[in-house]
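Per this note's numbering, the sequence shown starts with residue 1, numbered consecutively.
Mixed in with the good hints there might be a few duds.
Pair by pair, the computed Cβ-Cβ distance ranges are [as the list claims (entries may be wrong)]:
1) 160 - 45: 53 to 63 Å
2) 48 - 90: 44 to 54 Å
3) 127 - 91: 29 to 39 Å
4) 151 - 67: 38 to 48 Å
5) 162 - 48: 46 to 56 Å
Just so you know, these hints were derived from the structure itself, not from any lab.
Even glycine gets a Cβ: it sits at the ideal position worked out from N, Cα and C.
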Amino acid sequence: MNRRTAAVRLSRAGTALAGLLAIGCSGESEELPPKHDERCEMPRDLASLPAPSLLYSRSSPAIDYFSPRAADLDADGELEIVATGGSETPPHGEVVALDGPSGDVLWQVDAEEQLYSSAVFVDVTGDGVKDVFVGGRNETFFGVDGASGERLWSFVDPRPLPE
1 MNRRTAAVRL
11 SRAGTALAGL
21 LAIGCSGESE
31 ELPPKHDERC
41 EMPRDLASLP
51 APSLLYSRSS
61 PAIDYFSPRA
71 ADLDADGELE
81 IVATGGSETP
91 PHGEVVALDG
101 PSGDVLWQVD
111 AEEQLYSSAV
121 FVDVTGDGVK
131 DVFVGGRNET
141 FFGVDGASGE
151 RLWSFVDPRP
161 LPE
């Protein structure tokens with residue numbers, strides 16, 4: 001995968017690995033479960049996990065993608081992938097929400113500066129869907145409605161940028 005391609009590698013291995021890292025599958029035990037714990041219904045051996053596989057990718061000739069994050073933005077019970085990206089020269093950025101299972105673009109919001117922060121999710125619109133907040137170069141910071149992709153607001157500092 002080249003640096004201008006955002007790829008999502010998902011498999012059941014991620015779920016199994018989360019079980020391996022947990023203190024106990026139920027989260028209530030202070031003891032590690034045995035090598036195979038019936039409560040977990042998964043092996044505790046990394047070698048037995050399936051290898052991750054490429055599901056889809058999104059590439060752009062002018063964008064370097066950063067910090068993919070996951071949240072359910074369309075209330076279908078599946079996680080969507082939200083990635084920020086951009087380029088410093090010429091200055092340009094975008095935040096894009098991809099349907100988790102298919103990789104289809106749900107929405108995309110362009111920015112005048114490179115975006116490089118991880119998306120932060122908070123439901124500020126009160127619709128039950130988490131909204132997306134991202135930042136980048138030259139004091140760029142804005143919020144996006146997670147359900148529709150409409151820009152909610154932008155921070156604009158009227159002071160001139162330092163040299």
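To see whether the hints hold, each was checked on the structure:
no.: 1; hint: 160 - 45: 53 to 63 Å; verdict: holds, 59 Å
no.: 2; hint: 48 - 90: 44 to 54 Å; verdict: holds, 48 Å
no.: 3; hint: 127 - 91: 29 to 39 Å; verdict: holds, 32 Å
no.: 4; hint: 151 - 67: 38 to 48 Å; verdict: violated, 19 Å
no.: 5; hint: 162 - 48: 46 to 56 Å; verdict: holds, 55 Å
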